[in-house]
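J.: Model the placement of chain B on the given structure of chain A, informed by the hints.
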Amino acid sequence: MSLELTVDGRAVFAATGGRTFDAALPVVLFVHGASMNRTVWSAQARWFAHHGHAVLAVDLPGHDRSEGPPLPSIGAVADWLIGVLDAAGVATASLVGHSMGSLPVLEAASRYPSRCARIVLLGTSVPMPVADVLLNNAEINSHAAYDMVTVWGHSRTAQMGGSDVPGLWITGGGMRLLERGGDGVLYNDMKACNDYTNGLEAAVRVSCPATLVLGDRDMMTPPRNARALLDALPDGRMIVLEGCGHMMMAERPNRTLDALIDALT
Amino acid sequence: MASPGHPRFDTLALHGGQKPDPVTGARAVPVYQSTSFVFPSTDHAASLFNLERAGHIYSRISNPTVSVLEERIAGLEGGVGAVATASGQAALHLAVATLMGNGDHIVASGSIYGGSHNMFNYTLPRFGITTTFVNPRDPDAFRQAIGPSTRLLFGETLGNPGLEVLDIPAVAEIAHEAGLPLMIDNTFASPFLSRPFDHGADLVMHSATKFLGGHGIAIGGVLVDRGAFDWEASGLFPTLTEPYAGYHGLDFAEEFGPGALIMRARAEGLRDFGACMSPANAFYLLQGVETLPLRMTRHVENTRAIIAFLDGHDAVGSVLWPELPSHPDHELSKRLLPKGAGAIFSFELKGGREAGVKFIEALQLFSHLANVGDAKSLVIHPASTTHQQMDAAALEAAGISEGLVRLSIGLEDPDDLIGDLKRGLAAASRA
Chain A
1 MSLELTVDGR AVFAATGGRT FDAALPVVLF VHGASMNRTV WSAQARWFAH HGHAVLAVDL
61 PGHDRSEGPP LPSIGAVADW LIGVLDAAGV ATASLVGHSM GSLPVLEAAS RYPSRCARIV
121 LLGTSVPMPV ADVLLNNAEI NSHAAYDMVT VWGHSRTAQM GGSDVPGLWI TGGGMRLLER
181 GGDGVLYNDM KACNDYTNGL EAAVRVSCPA TLVLGDRDMM TPPRNARALL DALPDGRMIV
241 LEGCGHMMMA ERPNRTLDAL IDALT
Chain B
1001 MASPGHPRFD TLALHGGQKP DPVTGARAVP VYQSTSFVFP STDHAASLFN LERAGHIYSR
1061 ISNPTVSVLE ERIAGLEGGV GAVATASGQA ALHLAVATLM GNGDHIVASG SIYGGSHNMF
1121 NYTLPRFGIT TTFVNPRDPD AFRQAIGPST RLLFGETLGN PGLEVLDIPA VAEIAHEAGL
1181 PLMIDNTFAS PFLSRPFDHG ADLVMHSATK FLGGHGIAIG GVLVDRGAFD WEASGLFPTL
1241 TEPYAGYHGL DFAEEFGPGA LIMRARAEGL RDFGACMSPA NAFYLLQGVE TLPLRMTRHV
1301 ENTRAIIAFL DGHDAVGSVL WPELPSHPDH ELSKRLLPKG AGAIFSFELK GGREAGVKFI
1361 EALQLFSHLA NVGDAKSLVI HPASTTHQQM DAAALEAAGI SEGLVRLSIG LEDPDDLIGD
1421 LKRGLAAASR A
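Residue numbers (the numbering used here), protein chains in the order written: chain A, 1 to 265; chain B, 1001 to 1431.
Isolated chain A (complex conformation) (with noise of 0.2 Å):
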């Protein structure tokens, strides 16, 4: 199930969870990581759409089934998200971001503290600085590049498999989704992560209450590199998934839903 909204004169697609979308409920906007798209949440945004909130887990411009182009920058996708709450006729919404997409949701908040109730930032850091060795092979957009992403965005344990869903190998669905980027978007995306150097001076404009998810064998944003982060929220708190690397949505669907359900309800 899905709502199709139009921001910026651009379509965008938005899963609701398996359910109708209803504004009146409490909203949770997902947001997804680099070259990803909307299915990194799928078991999280069930279960809130199915206990008693109104989801929309988007495609961020030019990634799936959202019209593009990528946008280039973190504010720029920040007031983008601000213009989904807008087109879905959402005053105020819990917003959730993984990764690269965490950055524009702490952003939002500190842009737009009257929208966002309370933010979920998983697989962060502040900075977000990205390897020369990756960024350059991602504009060449050399498979290097999705290797590089998948092999230290996975806990050595979760590159042996092991997953939580039945039958599905971990390694092989992050590397597709990267596949299915297209060429360029990993490269916008972390880029924008890369340039992005506001999020300390955002963070201490957050009003709403703030948790930080982490994986404590995260390779690419290691539990030591959001504290500065958490020591700048003004309600922050973090919570730390054992054995868990950084696609933790892939890795522990069931650990991270339970992270969201103890910052959001």
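Source of the hints: derived by calculation from the structure; they are not laboratory data.
Ideal Cβ positions, reconstructed from N, Cα and C, are used throughout, including at glycine.
It is possible that part of the hints are untrue.
[Said to hold, decoys possible] What follows is a set of in silico ranges between Cβ atoms, one per label pair, in the way DEER data are often shown:
| hint | chain 1 | residue 1 | chain 2 | residue 2 | range |
| --- | --- | --- | --- | --- | --- |
| 1 | A | H143 | B | F1127 | 54 to 62 Å |
| 2 | B | H1215 | A | L25 | 51 to 59 Å |
| 3 | B | E1177 | A | P72 | 30 to 38 Å |
| 4 | A | D195 | B | E1232 | 30 to 38 Å |
| 5 | A | H143 | B | A1397 | 34 to 42 Å |
| 6 | B | N1371 | A | R156 | 31 to 39 Å |
| 7 | A | G184 | B | D1311 | 47 to 55 Å |
| 8 | B | A1045 | A | A23 | 24 to 32 Å |
| 9 | A | D8 | B | A1397 | 53 to 61 Å |
| 10 | A | L25 | B | E1232 | 23 to 31 Å |
| 11 | B | Q1287 | A | P72 | 47 to 55 Å |
[Unchecked claim] To give a feel for the contact side, a few chain B residues facing chain A, derived at Cβ under 7 Å:
| hint | residue |
| --- | --- |
| 12 | P1007 |
| 13 | H1015 |
| 14 | G1017 |
| 15 | K1019 |
| 16 | P1022 |
| 17 | E1052 |
| 18 | S1062 |
| 19 | S1067 |
| 20 | G1079 |
| 21 | V1083 |
| 22 | G1227 |
| 23 | A1228 |
| 24 | E1255 |
| 25 | P1258 |
| 26 | G1259 |
[Stated by the list, open to error] Anything over 12 Å on all C-beta distances counts as not near chain A; from chain B, calculated:
| hint | residue |
| --- | --- |
| 27 | G1005 |
| 28 | R1126 |
| 29 | V1224 |
| 30 | Y1247 |
| 31 | L1270 |
| 32 | F1283 |
| 33 | N1302 |
| 34 | E1361 |
| 35 | L1365 |
| 36 | A1393 |
| 37 | A1431 |
T.: Same frame as chain A, now just chain B:
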């Protein structure tokens, strides 16, 4: 940071899909011989059924031991996921039933396992699904056979029993130009010798009974999805792109993206058709997969030794093995199967059918039975067994003569195998 690397094939064959049991610390994969799994709460139960939480409900749908095998094969093939089934035939049926229905059409290689041929040619038409068989050596024949109702192209990495090497890249391109997926039966090669996804295929199936298990003690199948085919863009697969009333209006492609087919195959196919794999069989098959790289290497080495003995032998008319320069697909084999052309091959006895009978009956080490890919060497006469339902024209089209004998080379000492073959050939010569 150093350039990263994925876990390699041999490592995944041992560890893929499994971590030590968190409760007991068991290093080996435990056999979860349980039909069902306790729900911690009613809400948790509802969440499992509604795909809000991941986990196991009932072993017809999924089982922790079976899931390890599914993940391991998915990892070895390079897919996004897999569904293990009661047999290879169940895996093939699961794919067909998930992708299409009454009125739809398949284009398949004419040189495939007899059981698959039976399903396509005799059984599926009763359910409104028809198949056109084409020469696997003619990729353009696949293109010519595609019609408006076609929903799948199908072939085997190595044809049965002629060992035609399918030009997977060429056929995949033809399939994709038509907005169709290509499914490959990779049983004869195993992912150690060929990964069809690397060549553009979209779905892979195995009879896990063969090389994956290797021990000949458990029947099983696996369906693997690469997760790259864009069902939505194709527009030909409503089972994956339209709301499914049988699961609360779920649109699988919208909800699960690359995992759409695997999720539908499990949520509907295993739920409704029920051809699931037992946890005990999954355990047995996992024991085999652990040594797949070692076994396949030895299988190929032994086969090369046997071929060297048979090729040019006075009693042997011809030997069909893609590594031989005389095989029509020799160059293609070098490109697509660089680690070896498998351990199953056919040869023609000069004495025809009678020589074939004498040959098989004289063998003492080779076992005469209807299987391949065992650690033990096997022999069979296709015209009277695996392909007996095919009429003369179909047999000829599949390259099967009455004197054709198929060998599956095992892991015995190659000198002992050659000794046994000498015994058989001597008997055949006297026929």
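J.: It remains to establish, for every hint, whether it holds in the given structure.
T.: Okay, the hints, checked on the actual structure:
1. Against the hinted window of 54 to 62 Å, the Cβ-Cβ separation of H143/A and F1127/B comes to about 41 Å, which falls outside the hint.
2. Separated by about 55 Å at the C-beta atoms, H1215/B and L25/A satisfy the suggested range of 51 to 59 Å.
3. Range check, E1177/B to P72/A: about 34 Å between beta-carbon atoms, so the 30 to 38 Å window is met.
4. About 32 Å separates the C-beta atoms of D195/A and E1232/B, a value consistent with the hinted range of 30 to 38 Å.
5. Evaluation of the 34 to 42 Å hint for H143/A and A1397/B yields a pass: the beta carbon distance comes to about 40 Å.
6. A hinted range of 31 to 39 Å for the beta carbons of N1371/B and R156/A is consistent with their spacing of about 38 Å.
7. Restraint check, G184/A to D1311/B: a C-beta distance of roughly 53 Å satisfies the suggested window 47 to 55 Å.
8. Evaluation of the 24 to 32 Å hint for A1045/B and A23/A yields a pass: the beta carbon distance comes to about 30 Å.
9. Distance hint for D8/A and A1397/B: a CB-CB separation of about 59 Å, consistent with the stated range 53 to 61 Å.
10. Against the hinted window of 23 to 31 Å, the Cβ-Cβ separation of L25/A and E1232/B comes to about 28 Å, which satisfies the hint.
11. Checked against the hint of 47 to 55 Å, the pair Q1287/B and P72/A passes, with Cβ atoms roughly 53 Å apart.
12. With a least beta-carbon distance of about 5 Å to chain A, the hint placing P1007/B at the interface is held under the 7 Å criterion.
13. Of the supplied interface hints, the one on H1015/B holds, with its beta-carbon coming within about 5 Å of a beta-carbon of chain A, less than 7 Å.
14. A hinted interface residue such as G1017/B counts as satisfied when its beta carbon comes closer than 7 Å to some beta carbon of chain A; here the least separation is about 4 Å, so the hint holds.
15. The beta carbon of K1019/B comes within 5 Å of a beta carbon in chain A, closer than 7 Å, and the hint placing it at the interface holds.
16. Hint on P1022/B is violated. Least Cβ distance to chain A is approximately 9 Å, over the 7 Å limit.
17. For E1052/B, the suggested interface contact is upheld, since its CB lies about 4 Å from the closest CB of chain A, less than 7 Å.
18. Hint on S1062/B holds. Least Cβ distance to chain A is approximately 3 Å, under the 7 Å limit.
19. Taking 7 Å as the C-beta contact cut-off toward chain A, the hint placing S1067/B at the interface holds, the least distance being around 4 Å.
20. Checking G1079/B against chain A by beta carbon gives a least distance of about 6 Å; that is within 7 Å, so the hint holds.
21. Because the closest C-beta pair between V1083/B and chain A is about 6 Å apart, less than 7 Å, the hint holds.
22. A cut of 7 Å between beta carbons decides the hint on G1227/B: the least distance to chain A is about 4 Å, and the hint holds.
23. Interface restraint check for A1228/B: the shortest CB-CB distance to chain A comes to about 6 Å, inside 7 Å, so the restraint holds.
24. For E1255/B, the interface hint holds, since its Cβ comes within 7 Å of a Cβ in chain A; the closest pair sits about 6 Å apart.
25. Against a cut-off of 7 Å between C-beta atoms, the interface hint on P1258/B holds, since the closest Cβ of chain A lies about 4 Å away.
26. Because the smallest distance between the Cβ of G1259/B and any Cβ of chain A comes to about 6 Å, under 7 Å, the interface hint for this residue holds.
27. Against the 12 Å criterion, G1005/B falls within the reach of chain A, whose nearest CB is about 7 Å from its own CB.
28. With a minimum CB-CB distance of about 30 Å to chain A, R1126/B clears the 12 Å threshold, and the non-interface call stands.
29. With 12 Å as the threshold on Cβ separation, the claim that V1224/B sits away from chain A is violated: the shortest Cβ distance comes to roughly 9 Å.
30. The Cβ of Y1247/B does not lie farther than 12 Å from every Cβ of chain A; its closest approach is about 9 Å, which violates its non-interface assignment.
31. With a cut of 12 Å on Cβ distances, L1270/B falls inside the contact zone with chain A, its closest approach being about 10 Å.
32. Listed as a non-interface residue, F1283/B keeps its Cβ farther than 12 Å from every Cβ of chain A; the least gap is roughly 16 Å.
33. In this structure N1302/B is separated from chain A by more than 12 Å, as the shortest Cβ-Cβ distance comes to about 31 Å.
34. Taking the minimum C-beta to C-beta distance to chain A, about 44 Å, the non-interface status of E1361/B holds against the 12 Å cut.
35. Remark: the non-interface label on L1365/B is consistent with the geometry, its nearest Cβ contact in chain A lying 38 Å away (cut-off 12 Å).
36. Listed as outside the interface, A1393/B is consistent with that label: its C-beta sits roughly 41 Å from the nearest C-beta of chain A, beyond the 12 Å cut-off.
37. No Cβ of chain A approaches the Cβ of A1431/B within 12 Å, the least distance being about 51 Å, so the stated non-interface status holds.
Checked against the numbered hints listed earlier, the structure breaks hints 1, 16, 27, 29, 30 and 31; every other hint is satisfied.
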